[in-house]
Each structure stands twice: as structure tokens, then as C-alpha cells.
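Protein sequence lines, in the order shown, are assigned to chains B and C. All residue numbers for the first sequence refer to numbering that gives the first Met the number 0, where the first residue is 0 and numbers rise by one. All residue numbers for the second sequence refer to numbering that gives the first Met the number 0, where the first residue is 0 and numbers rise by one.
By construction, these hints were calculated from the structure, which means they are not laboratory data. These numbers were taken from a predicted model, which means no experiment stands behind them. Careful: at least some of the hints might be erroneous.
Unchecked claim - Which chain C residues face chain B? A few, computed with CB under 8 angstroms, are given here:
| no. | residue |
| --- | --- |
| 1 | Gly163 |
| 2 | Gly167 |
| 3 | Ser169 |
| 4 | Gly172 |
| 5 | Val174 |
| 6 | Ile232 |
| 7 | Leu235 |
| 8 | Asp315 |
| 9 | Leu317 |
| 10 | Pro324 |
| 11 | Gly328 |
What the hints assert, rightly or not - Capping the alpha-carbon separation at 25 angstroms, the derived lysine to any residue pairs in SDA-like fashion look like this:
| no. | chain 1 | residue 1 | chain 2 | residue 2 |
| --- | --- | --- | --- | --- |
| 12 | C | Lys125 | B | Asp37 |
| 13 | C | Lys238 | B | Asp209 |
| 14 | C | Lys358 | C | Arg255 |
To be verified - Computed footprint of chain C on chain B, listed as stretches where at least three residues anywhere in the stretch have a Cβ under 8 angstroms from a Cβ of chain C:
| no. | stretch |
| --- | --- |
| 15 | 156 to 162 |
| 16 | 276 to 285 |
In this text, a Cβ means the ideal position worked out from N, Cα and C, and glycines have one as well.
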Amino acid sequence: MEFATKVFVRCPWVLLLGIVACSGAVEGAAGPGEGPIDPNDPNYCQAPIPGSVTMRRLNRMEYNNTVRDLLGDTTAPADSFPEDPKSGDGFTNNGAFLSTGPTLAEMYSTSAATLVETALADPDRRAKLIPCEPGEACAKSSLTAFANRAWRRPVEEQELTGLHRVYDLTIEDGGTFDEAVALGMRAVLMSPHFLFRPETTSNTPAPLTDHELASRLSYFLWSSMPDDELMALAAEGALSDTDTLRAQVDRMLADPKATGFYEGFFMYWLHVDEVRFSEPAPSIFPTFDDELRTSMMSETANFARAVVEDRLPIEALLTANFTVVDERLAAHYGMEEGNAGRMEFADGTRGGILTLSGILTATSHPDATSPVKRGKWILEQLLCSPPPDPPPNVEAIIEKGGSEAKTQRERLEQHRADPDCAGCHSVMDPLGFALENYDATGAWRDTEDGEPINTEGELPNGTVVTGARDLSETLASDPRYSACTTKKLMAYSLGRALTDYDRCYVDAITESVQEQNKDFHGLIVDIITSDVFRTSGGLQ
Amino acid sequence: MKRLPRRAFLGGSATAIGLPFLDAMLPKGASVAKAADTSPRRLVFVHVPNGMIRTGITPKQAGINYEMPYQLESIADLRSNFLILTGLHNKPGSGNYTYPDGTVSNDGPGDHARDTATFLTATRIKKTAGDDFSNGISVDQEAAGYLKKYTPDLPSMQLSASSGGYGGDSGYGPVYQSAISWAGPTTPLDSLSRPSDIFGRLFMGFDPDETEAERIRRQHREQSVLDSVLGDIHSLESKLGPNDRMKLDEYLSSIRHLETRLQASGALSCDPGSLPQDSGDFEKSVDQIYELIKLAFACDRTRVISLMLRKGGAYDFLSPPNGSPITRGHHTISHLVGGDPDVAEIEVINRWQIQSFGKLLRAIASATDGDGQSALHNSLVLFGGGLDGTGHDANDPELKPKQSGAVHRHNNLPILLGGQGGGTVRGGRHIDFGKEGRPIADLYLSMLHSVGHMAKGFGLEGTAPISELAG
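Assemble the whole structure, with the sequences as input and the hints as a guide.
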């Protein structure tokens, strides 16, 4: 029986141009033999539905990391693939948005050929891929082993016939052993079993297979393929065990490959990836360049790593009094030459995500800060409470403070003066004002155009915050923060947007995190041991 | 004589080597040229976001004797090669919209998302930041479906002057500003912005170093790779639910596309020239893109191209007269909140855009088709955007730019149409569709008809081609 979901319906779509038969969005989902299931029904949480995840292809980071781990290739070929489309959350691992059009397929083909050629040209790498003497048996066993690893599961007999035929045909028409094996390997890398992460799904929720779980785990915590240990555990069926999962989380977060988590989740959650496209005005920020951009992104990843590895509570992401810099960023922050690494700021002028230069830059205009953008970012990304849409003629009124307005703050005061604007701006602007000591590239400033910076802001509930430290503490104690962090992490771990059907899982985990003041290890374990991560189905 | 290396033609990770043209580019013994279609019809679609200031691009007079408006000075000499079209609208892109059947859809803010997403689809998009996004097929893809019989191995190309750096808009997810070309309701198409990647896409698989025997052997071998992949797709299909099958089907189409490219990878009928060097410089890249568009047409590699002519950051290489380089983002300035200084900055951006359009027309015109006409004569080049965007008051007879509330209108779009469409379009005029206007989808119908695809309708409102285009 086919279900239609409240949130998404896929139109039966015939790939002939212009022919679309779309049934449109339908409220609710029908259970087997019952009426529609309402996720807001008080009894829903007795049997919540995990839903399924639209099959995702590897995104660019995942492709790069996977070929690194599979073939030892460090050339990052996917850097020249087109940008991955983003979900509404800002993640690039959401299957609904990832596609495999002709441009990308051509690049996969070229990339596969190059990857295989260079791997086989290197004696060490070749020996790992072809650990036997050339001959038909060796070719076939090597291709089988390669497919098992590349497809992240034991390959079935009939799946191998296509690969073996590639080898046979090439040998038949005079190709060498290496040429024939290379072509077989290219077929492995072009296969949907490599490029996609298919998961069998059904109309009723059922546990994922151990191999599917292994892939979910490794792409969640490494943005890469499972390693031998994960594959062995999957083969034994041991990944269904909660203690095993817990232990794997610890192991995987301690592994250097966890960089894929810090770069994949935190960078995109916090929108720091956008700093790649920020262009601070050269006349005002003459020293801003690609090296600084890279340093900013590294700061975010390394700071997140420190919070996670040190087992600090989730709130520490906001309230930590340190950051992690390289020499370039240290200079940008006005520190003495030779400084790099973890830096504590006892005076509270730096520390926590609100003062990460990547975020501060990505939420600025090319030539000025934007308290509104920063406030909106905090509401959306940290509190999951986006402001309502602006009124239709908003740009008619924005940032028009007249010539007396010297600072951004003065220019924005009109928001709160105008009743049409006050509703949203009394929430957004004070958040941004608190960060006005950080200019459009995240560097500290005491004055703006000669005027001393005023970072005081009154939140709607009357709380007055002054400066980043104050704001960080206030946000950290807001229950929406840990709930939002849970939601963002869950959406990232699943590769789809959350819906009302997920509220039970979100609420249970948020409660557990808040009551026990958990750290990221704890939150991650809660997510991956939850049915929402381990089972799939329903809501097709 | 040294043969040119194969790797250079495979694109992707190719290094930036300059390749001198030699007769040796053509494979030994391979027959030259494809179908002897001497008047190939092509379509190019160029989109600029945030609208344009209309005063400078709208002549006071309609018809053939219009005075060239000041912003179009750089293309005055191309007068007979383009039409100025005033009064086209794209109502499905509006906040409040009434469908032809009377259904009302009031979606509120989000005009920038709607501008980009609906410019070439002329349909209503679903307001969502969730996974349930939905648009329609774009006119370039509609055209590509018809024209691919001439260039089966590369039905169309999607280009962008800068990649990334776009976001969501008022409840619409980022996907809506990511592309102007859509293959279907849930399939936005990737675009390329690096010249070396574009060159690689155009000439992938063409190897001047290859003998006929080598080519046949390579095609057999690579086809066996694709056959293996096809087998994997078919076996996987039966195990998937409908959503996943749609994703797999897309990959299936792409593999079929690779097969077509593989079979066609024989002789090139032209001189591809050197592999372009990527400079990272915006202006230079745009110039290179135009040369590549010309090359694509001269070599008849494809007949449908779309281009997002946008800049992620500020137009900092431009300064208004007596002013300093522009430091604010294009969108920020486009609302003209700051009055005259903002107008001056937008006008200099618009002047650059018009000049850029002129460069594109000249590039295409520099190629000659088999019938002796310039390639521009046989093409149509749409240039413009889905927003009026100037903040002027539509009731102001002088269309003076000024800051006003109604800045996000989807009426009275800034549109220029270059080329003669093989004789179906007569340039050199200003056509004013008046207060009622015409849906831009009607223009798209005309463009489809000009290449021989006699579609009956397009988008939500395209019902009849525009007879005035023929003059």
C-alpha cells in the first residue's frame, strides 16, 4: 500500500519532457489498514514512525574521503565537481536535493579513470589492490575484494558477472592484465552501489541491516566509508548491540578521520562554509585573502573538535573561553607573532562559536557588519526559531538612518521605533548588537567610525545582554539551544529534514541531554541508538 | 611531428596546458563533420538577478526609430541585432498569484527565490525550505529535448559566472536560487563556472592522438564498463521505493547520456583551440565563458546554453563616475534605499551587464555557419531578469528610479533579445507590450518555435507566440 506524507510527495515522474502527473501534497500518512496517522496526536509517541531517507549520493567531501580511504588517493578530485545543493538546514548531505545529472556523471567517469590509473601506477597502492600474481583468478578475486570494500557490503555472486565480463572482454581483445583490471575497477567506482548509499525500505518500520548501519555511522562521524573494524562488526551482526555502538562512537570520534565530522557537520550547521564566497571589500579589509578564509574554516572545525574531544557539555560550544587558531588567524586577532593552537581569553573577548571569525564574516556585508543577519543566524541556527517573513515592502525602510547615523546600531534603531518592524527586530537586533565589537571579518574593534561600540541590547523578555560573553551565557541557558542542537545533529545524521513525525525522538533525546548535561559524545550515542537512526520505513 | 596528449581532452583534472592548433588535431583517417546542417538554430538564456534600472534601458519611443537609451550605448552598433522588449511579465513569480483556473496562492515574501527559480520555468514554485521543493521544467530544457537530435551527446549546457554564495529567501530554501535550468519539478541542474571545466565538458572524449582502431577498441571497453553499471542499476531498481527509484532513474539517464557521448567520440569538426587557463578573475572568466559559448556553436557541440550572470560578492571592479569601487553586495544596493548614490552604483553595474551582453553577441557573431550567415543570425540570445527591481513607481510616466515600496515586481521585466533566430526575429526595434503586457512564457514559445519545436503552451501562462517579433 502506498502512503502519501504530509511533508513530501514524490510525483510519479516519467522521464519524458513535460509529462508530470503530480498528486500534490496530502495531509497525514495512512497506517496499515488504519486511517491517517496524526503526528500531533498525544498517543503518537507510543509508536512513532522513523520514516525513510531518500537515497543519497556521496557529496563532494564524502567522495574525496571515500576515495582516500579506498584507494589512498589524496588529490581530492571532487573539489572540481559542481557545488552540492544545500537543504533548508544548510547541509549538503540531504538526498532530496542531491542529484546525478549528466555533468556530474561525466566528471564521475573522468575521475574514476584517473583515480584507478594513478592508484595502479603506484607500487604500494597497486600491491594493496592486486595482492596476487597476474592472471584470471587474481583479477577476479581482486575485483571482488575491491567491490566488497567499495560497495560497503558483501557483494552477491550475480553482481560480479558484470565486472568479470569487463575483465574478460578486455583480455579477449588484446588488453593487458592491468588494463583489464583497471576497467573493472572503473566499473566499481561508477556503480550506483558506490556512488549512492541505498537502504532497503518498506511501508512498515524495520531495522536497518548491519551494513546499512555501518555506512550511516561512518558517513555521520567521518564523512567516509566504514573501516575494516566496522565492516567486521557488521559481518558479525554486532552493530545491533547498544554497547557496541557506544564503543564505536568513542573510537570513531578519537580517530583522525573525525575531521570529516567537524568539517561536515559544524561547518555547514554554522554556515561557516559560506565564508568561501564572502568578499570583504578590499579597500576596507586589504589583508583578507584565501589563506585567511581557510584559517577561518579551520578555526571552526578545530574549535568544535576541542569541545567534543574534551567532553565538554554541549553548552560549552557557546560558553567556552577559548578558540583554536593558526598563526594567520592569530595575527588577524591582533595577537603576537608565533602564537598558534588553543588560545584562552580570560578577558572574554574571544571564545565560543559566537566569536568564530568564520561565522562573523559569513554573516556580514562586504563592507559592514549586519546585526540583523547575525541575529537572524542565531535565531535560525542556534535556537531553531526563525523569525517570520519580513513585511512586503521591507527594503523600503531598511537601514535608512539618515546622515546623523554614525553606527550600524543607530541605523537600525528605526526597526524598533516602527511598530511594523518591532515585533521581529526587537528579537533579532539586540542579538546582533551584542556582537558589534567584531567587524565584518570577525576582528575585534572598540570603535566604529570614531564612535565607541555599544553592545548593550534588551531582549524581549527584559534580559539585558552586553557583549558576546553575556549573550553566549544567555543563549546557553535557553532550553531551545540544546533542543536545536539535537535537531540539527539528527537531521545531519539522517540526511533529511526533520518533520513533525520526528518530534518524539527529538523530545526524548533533548530531555536526556538537558537532564544529564550531556556532551556531544552523549548526544551522538543517544541519536544513533534511537529508532530514528537504526530503523527505517513508513511514510513512503 | 609530436601528437597532442590524450589527457588534455578528458577534462576534469586536466592540467592547464596550452595546446597549439595543428592540422594534427584531427584523427588520422577519421571523417570530418557531422550532419551537414548549414543553418543550425540555437538558443542562449542569460539571467541577471535583482532586476535592472529601467530608465536607462527603456527607449521613449517604440518601433524602429527609437533613440538608443544611454545605458545601451555600448551595444548601439549592434542595434539591428537585438530587440528591446518592454512590458513582459512573469506573474507566477509574484507573491500573490491567481492561477488561470482561479485558485489563489498568496505566498508573501521571497521574490529573489522566485526571480531565479521561475525565470525560465514561468511556473509557480512551492514555498518551502523543507525537502518538498517543487518547480517545473525550464524552457532551455524543453528546447534541449527537441534539439538534442542534432547534438545527442551534449543536448545542453548550464553555466554560471560564479558558483556558490547563494542562500535561502524568506521561507524558500537555497535550492531555488541555485539554478535557472530545471530538468523537471525536482531536478535543478548543476552549472559550471570554471572555463577549464567547460572546455573539458565540450571536448571530453575527443582524442586527436587516436587511430580508428584505437577508438573502436576504447569504445568497446568503455561500453562494457557502462554495461556493468547499467546491470547494477537494473538490479538495484527492483529493491527501491518510489522516491529512491526516481533518484536512480536520474543516474540511469546520465549513464545513457555517457553512452551517447562514448559512441559519438570520434572526429571533431573544428579547432577547439587551447585549454583555457582558470584565473579566478571574475571579468576574465566571463570573457572566457563567452569564447567557449562561441566555440560550442562553431563546433556544433550543443545548441542550448543557459548562463547565470551573477556575482557572489560585490562588483568591486566597478566604480560609479567620480566614485569609489563598489563595496556592497548587488542585492543590498538594488533597493536604492540610499537614493542617488545607490542609483549610480546600480547603473554602473547595469552598464557592465549590458556591455557583457554585447560581448556575448559579438562572440557568437564572429562564428559563421554553413549557410554563410553569422552564428548570431541563426541564434536567439535572451538576456534579462525576473524582477523589475528598480524601485520605481510604475505610475511614474518618466520611470525615474527612486526608492519605493514595490521593488519586487515581476512585471515589466528588463528583457533584451539578441539574434535573428534564423530569420524568425527581426531586430533593431523596441517593442512595447503596454500596460497589459505579455507573459514572458509567450516569448519562450516564440523561441521554441524558432528552433522548430512547435510547442502549444509553456509554463502556467504561455499560450501564444509573439507575432511582433517577426516584424
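Hint check results:
no. : hint                 : verdict
1   : Gly163               : holds (5 angstroms)
2   : Gly167               : holds (7 angstroms)
3   : Ser169               : holds (5 angstroms)
4   : Gly172               : holds (4 angstroms)
5   : Val174               : holds (5 angstroms)
6   : Ile232               : holds (6 angstroms)
7   : Leu235               : holds (6 angstroms)
8   : Asp315               : holds (6 angstroms)
9   : Leu317               : violated (13 angstroms)
10  : Pro324               : holds (6 angstroms)
11  : Gly328               : holds (6 angstroms)
12  : Lys125/C to Asp37/B  : holds (23 angstroms)
13  : Lys238/C to Asp209/B : holds (17 angstroms)
14  : Lys358/C to Arg255/C : violated (35 angstroms)
15  : 156 to 162           : holds (count 5)
16  : 276 to 285           : holds (count 7)
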